[in-house]
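K.L.:
Following the hints, put chain C in place on chain R, whose structure we already have.
First to last, the protein sequences are chains R and C.
Residues 88 to 576 (our numbering) are what the first sequence spells out, left to right.
Residues 88 to 576 (our numbering) are what the second sequence spells out, left to right.
All clues given are correct.
It does not matter which identical chain is used: a pair holds within one copy or between any two.
Keeping only pairs whose Cα atoms sit at most 25 Å apart, straight-line, the calculated SDA-like set for lysine to any residue is:
| # | residue 1 | residue 2 |
| --- | --- | --- |
| 1 | 246 | 274 |
| 2 | 527 | 291 |
| 3 | 549 | 524 |
| 4 | 517 | 291 |
Don't read these hints as lab results, they were simulated from the structure.
There are 2 protein chains.
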Amino acid sequence: MAASASASLRHHLLLRRRPRFPLSPSPSCTFRASSLPRRYQRLFASASSSSTVEDGDPLSPVEPSDSASVVDVNPPRGTRDFPPEDMRLRTWLFDQFREVSRIMAFEEVDFPVLESEALFIRKAGEEITQQLYNFEDKGGRRVVLRPEITPSLARLVIKQGKSVSLPLKWFTIGQCWRYERMTRGRRREHYQWNMDIFGMPKVRAESELLQAIILLFERLGITSSVVGIRVSSRKVLQAVLNMYSIPEHLFTEVCVIVDKLGKLTREEIEKELITTGLSSEAVQGIIEVLSLKSLPKLEEVLGSNVEAVADLKKLFSFAEQYGYADWICFDASVVRGLAYYTGIVFEAFDREGKLRAICGGGRYDRLLSTFGSEDIPACGFGFGDAVIVELLKEKCLVPDLSRQIDDIVFPLDEELEGPASSVASSLRRKGRSVDLVEDKRLKWVFKHAERINAGRLILVGKSEWERGMVRVKILSTREEFEVKAGELQ
Amino acid sequence: MAASASASLRHHLLLRRRPRFPLSPSPSCTFRASSLPRRYQRLFASASSSSTVEDGDPLSPVEPSDSASVVDVNPPRGTRDFPPEDMRLRTWLFDQFREVSRIMAFEEVDFPVLESEALFIRKAGEEITQQLYNFEDKGGRRVVLRPEITPSLARLVIKQGKSVSLPLKWFTIGQCWRYERMTRGRRREHYQWNMDIFGMPKVRAESELLQAIILLFERLGITSSVVGIRVSSRKVLQAVLNMYSIPEHLFTEVCVIVDKLGKLTREEIEKELITTGLSSEAVQGIIEVLSLKSLPKLEEVLGSNVEAVADLKKLFSFAEQYGYADWICFDASVVRGLAYYTGIVFEAFDREGKLRAICGGGRYDRLLSTFGSEDIPACGFGFGDAVIVELLKEKCLVPDLSRQIDDIVFPLDEELEGPASSVASSLRRKGRSVDLVEDKRLKWVFKHAERINAGRLILVGKSEWERGMVRVKILSTREEFEVKAGELQ
Numbered sequence: 088m089a090a091s092a093s094a095s096l097r098h099h100l101l102l103r104r105r106p107r108f109p110l111s112p113s114p115s116c117t118f119r120a121s122s123l124p125r126r127y128q129r130l131f132a133s134a135s136s137s138s139t140v141e142d143g144d145p146l147s148p149v150e151p152s153d154s155a156s157v158v159d160v161n162p163p164r165g166t167r168d169f170p171p172e173d174m175r176l177r178t179w180l181f182d183q184f185r186e187v188s189r190i191m192a193f194e195e196v197d198f199p200v201l202e203s204e205a206l207f208i209r210k211a212g213e214e215i216t217q218q219l220y221n222f223e224d225k226g227g228r229r230v231v232l233r234p235e236i237t238p239s240l241a242r243l244v245i246k247q248g249k250s251v252s253l254p255l256k257w258f259t260i261g262q263c264w265r266y267e268r269m270t271r272g273r274r275r276e277h278y279q280w281n282m283d284i285f286g287m288p289k290v291r292a293e294s295e296l297l298q299a300i301i302l303l304f305e306r307l308g309i310t311s312s313v314v315g316i317r318v319s320s321r322k323v324l325q326a327v328l329n330m331y332s333i334p335e336h337l338f339t340e341v342c343v344i345v346d347k348l349g350k351l352t353r354e355e356i357e358k359e360l361i362t363t364g365l366s367s368e369a370v371q372g373i374i375e376v377l378s379l380k381s382l383p384k385l386e387e388v389l390g391s392n393v394e395a396v397a398d399l400k401k402l403f404s405f406a407e408q409y410g411y412a413d414w415i416c417f418d419a420s421v422v423r424g425l426a427y428y429t430g431i432v433f434e435a436f437d438r439e440g441k442l443r444a445i446c447g448g449g450r451y452d453r454l455l456s457t458f459g460s461e462d463i464p465a466c467g468f469g470f471g472d473a474v475i476v477e478l479l480k481e482k483c484l485v486p487d488l489s490r491q492i493d494d495i496v497f498p499l500d501e502e503l504e505g506p507a508s509s510v511a512s513s514l515r516r517k518g519r520s521v522d523l524v525e526d527k528r529l530k531w532v533f534k535h536a537e538r539i540n541a542g543r544l545i546l547v548g549k550s551e552w553e554r555g556m557v558r559v560k561i562l563s564t565r566e567e568f569e570v571k572a573g574e575l576q
Numbered sequence: 088m089a090a091s092a093s094a095s096l097r098h099h100l101l102l103r104r105r106p107r108f109p110l111s112p113s114p115s116c117t118f119r120a121s122s123l124p125r126r127y128q129r130l131f132a133s134a135s136s137s138s139t140v141e142d143g144d145p146l147s148p149v150e151p152s153d154s155a156s157v158v159d160v161n162p163p164r165g166t167r168d169f170p171p172e173d174m175r176l177r178t179w180l181f182d183q184f185r186e187v188s189r190i191m192a193f194e195e196v197d198f199p200v201l202e203s204e205a206l207f208i209r210k211a212g213e214e215i216t217q218q219l220y221n222f223e224d225k226g227g228r229r230v231v232l233r234p235e236i237t238p239s240l241a242r243l244v245i246k247q248g249k250s251v252s253l254p255l256k257w258f259t260i261g262q263c264w265r266y267e268r269m270t271r272g273r274r275r276e277h278y279q280w281n282m283d284i285f286g287m288p289k290v291r292a293e294s295e296l297l298q299a300i301i302l303l304f305e306r307l308g309i310t311s312s313v314v315g316i317r318v319s320s321r322k323v324l325q326a327v328l329n330m331y332s333i334p335e336h337l338f339t340e341v342c343v344i345v346d347k348l349g350k351l352t353r354e355e356i357e358k359e360l361i362t363t364g365l366s367s368e369a370v371q372g373i374i375e376v377l378s379l380k381s382l383p384k385l386e387e388v389l390g391s392n393v394e395a396v397a398d399l400k401k402l403f404s405f406a407e408q409y410g411y412a413d414w415i416c417f418d419a420s421v422v423r424g425l426a427y428y429t430g431i432v433f434e435a436f437d438r439e440g441k442l443r444a445i446c447g448g449g450r451y452d453r454l455l456s457t458f459g460s461e462d463i464p465a466c467g468f469g470f471g472d473a474v475i476v477e478l479l480k481e482k483c484l485v486p487d488l489s490r491q492i493d494d495i496v497f498p499l500d501e502e503l504e505g506p507a508s509s510v511a512s513s514l515r516r517k518g519r520s521v522d523l524v525e526d527k528r529l530k531w532v533f534k535h536a537e538r539i540n541a542g543r544l545i546l547v548g549k550s551e552w553e554r555g556m557v558r559v560k561i562l563s564t565r566e567e568f569e570v571k572a573g574e575l576q
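Same shape as in the complex, but just chain R (with noise of 0.2 Å):
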């Protein structure tokens, strides 16, 4: 038996690590990360690596590094690092969101992380634009890290143009980042993944779209008890500003400031919104229908005429017929934080209320004519990787994630290193993992085996292979026997 050759980690550990600070979740969840198993951990923190100050602000100048020859093991403020339990917990979300993506028959796409800053250049005052990680290229050009991945696919779907037919439905599991100097210990990078329609003027394309979050939380095992959709449509919004004569041009920014209504107090967002001009009884106006919560109270007080109230009724009723009228809502306060949303906004909410919205969506009409091309009729929706873990965690909704293997291949002998290539490779070429093992004693083997759900343990023995047979144990049964190394299966 080879004695070890390589031993733990332990001892390598001569680096500077940053010191760890309590974990700090953002306001609205107060679902305690340090109360999961600790291999999950790391998923939940809204910034694990980060301190509570952040770099950049004047309070706290860049540490000084302690020697040009240590670096830091951390990756960069703000971002993760996915070890293999952490990655496994990714894969299986994300093989969900394709899974679903699949059945609903949209086509997957992909975009370079780094796009021109142009695409992302709205002035409404949108948090997601205040917050771009731009910079300027080697080459003098504005780029950025997409904050998100709409305005990628209305790119791609103008420069498609004569190729495709409409409608396309499109879908994208894709990295965003943002860039805060900001003292919570936020994230500055997620995964979301994104469904849009283009080319269905209809709520059918709202209605199949619901369809796909709902599918998703199935899958995932939650129920409507649990999470529900608040719907409304920004025609709602539009109809209100039309009823008091308030131009076209301040609609954008009259949404993004109502947006805020429960991150600040109403009083402030009064006070932004008589700042853009308008008079105190429209403001009044708006934030009286924004409480609706009844679609015939808004048909009593917008009137059935209005466009908003006959998309919401229909999208009701379509709810009826796919079956899943129980997990949607109508309120009107729903309005969403995106600049360029033009009708039926939607999000994800736990009817706790300890979380932030699980994602959210909704049609953009006019988004291609902000690029100088002609509109096309659209919406979609992005689903953040990070609220819907927290959630599954809460609800105990992870599945057993724990790594498998079919076999462990182990030389009981140096000489036999060969011969144990020639099993393992051959197992290998049947499609079988197998992990071929050395220089550890059999007690470690062993250990290992269980450690990695390894199905079955070949020794490779002395006396065994002058046979030509190798010793096998089925490790769930703890049976054993020999077989002739060419049979092996």
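P.N.:
Below, chain C without anything else, positioned relative to chain R:
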């Protein structure tokens, strides 16, 4: 039948487009992308959206934008979009990477695409560090869109420290970036599959990596008559330097210079070596040894006590046992361009010699100490997504990757949109992929069904629905029948 509500995109092309320059493959690649099916050309062009003159070049000032409101529909210069057909090819390739990694019992990990510049600052004059896509973030930190993934892997190994036992077998697939101010139309990003083993000092590690690469080729339908893997060891060069008593600190620099053999002339290489301070005798010795292509000859020149010879002999003996000896050959000229390799190095190449290296890797036992940690023996490889796809296309080895959908559900009347929703919804809950189509003519639907390889067409018609039935058409056999809506499987 509802009238067609949405037209093709052909009228939306009002945007400025970059002129289409002829595709310019890299000098070592005589493969002509223009002979490919049109839908795959995009993946091959080394820079499909690049003009032949690079931005930032003083001779070509950045073009003024035509108008503030017109956005360039191309992704940033040197980067790619992945529309559905390109994405299917990428997903297929990455699935092969993942499947081989699973078979080899490697665990997947991932890292931020944005890393601290400090991880990549090396002084050996490597091309990779001269072309860093680096910049300063808003907090004044030097960051980089990573040019390669190995330093991130090493960083995470150090960070994980106590919690893992060696050896670690990790793989990752991620995007890597470079910034060149050059006139060649090269890409600025590519995806790379990395497999790395930490904590395995013997050439077993290299043998395992080679098996992974060869398993991949075999899965892709590539044989050893099409592709080979050249293997050598940096210890060969080390032995030569020792023969001429050349100081240790010149080793890395010499490696990086001699890696340019083939790109620069022999005279240029000799001149560069002389500049580092080597005697012309030593330079001749190096050049002579690098020309060796036979292991017995190498043993003759260096002696059999040299580690390089022992390692290589062991590796070739393993190759026999694994059953892949016909894939690999000794070639002393292989050095690889990364500064940190210390032992065995290898690269896969097309035997016709048309393409750049398909993948490359080697042992890097001293990387961790450059980060201030204790060293752990390590080796790995990077396998890009560009050259392999060129090769697969040239050999007609890309499988049919058309879109495939189980069912199309089509209401024959607008008032049947509700029932169609419930039919589609119930099929989707069974896991079938369903495209719900509306507002099209039946003729369009049949064409669409062909285009997306639909299995069945499910027509929701008024008279059938009144009887609780739907009409089903199996598209491959043209068989047609009625089924109770509730019994549709």
